[in-house]
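Colleague: Chains as they are written, first to last, in this note's numbering: chain A, 1 to 114; chain B, 1001 to 1112.
Fair warning: there could be bad hints in the mix.
[Unchecked claim] Below, a sample of chain A positions facing chain B; criterion: calculated Cβ distance under 10 angstroms:
1. SER97
2. ASN101
3. GLY106
None of these hints come from the bench; they were simulated from the model. Every residue, glycine too, gets a C-beta built ideally from N, C-alpha and C.
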Amino acid sequence: DTGVSQDPRHKITKRGQNVTFRCDPISEHNRLYWYRQTLGQGPEFLTYFQNEAQLEKSRLLSDRFSAERPKGSFSTLEIQRTEQGDSAMYLCASSLSSGANVLTFGAGSRLTVL
Amino acid sequence: GNSVTQMEGPVTLSEEAFLTINCTYTATGYPSLFWYVQYPGEGLQLLLKATKADDKGSNKGFEATYRKETTSFHLEKGSVQVSDSAVYFCALSDLGYQKVTFGTGTKLQVIP
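Whenever a hint applies, use it, and build me the whole structure from the sequences.
Modeller: Structure representation (structure tokens):
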């Protein structure tokens, strides 16, 4: 297994544009998480899935953010009408529902909004 | 809601010094507790974990004990090395909802 893959690794966009990030989790993991991390801060929870069901979404997340995991495998995170404040590292992680819920993280997708 | 509080950094130590990074948490029930580490230029990875009260997690010379009475999970290492320079994150996983909450991180710099 190659671990958790994220694409693209870096995205530069202009304010107002839409962006989409993709995450491919470890194949046997049924949970998938999205986090946002800014410089000097810890990962901030955005949302998570168990299989294809989105079980929780942060109240801090505006309606411009949406995530899907249509077949319980890969996931996409879309940000509509990007703002400069959306600039951050977007992290994906996956885990098994059994056991201690240890997260395996991808390398992240860095978003820069100009 | 759940929360994790870590001591602020950066922490600068000389090689072979003793390390403690404090972490306290607020949660309902009995969460699992974790320390994750982020080395320069790398992604977050698990360092150690503990799933119930009085458990001690350990890895690479680091240790942390799950203290329910003080709601703490302090990270310790007896003798740090330059290669331990990284950012350390304390985290908890709520048993009910399985949401994983992270602290703000503590940057450790070890100088020769």
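Colleague: Against this structure, judge whether each hint is valid.
Modeller: Going through the hints against the structure:
no. : hint   : verdict
1   : SER97  : 7 angstroms, holds
2   : ASN101 : 4 angstroms, holds
3   : GLY106 : 7 angstroms, holds
Checked against the numbered hints above, the structure breaks none of them.
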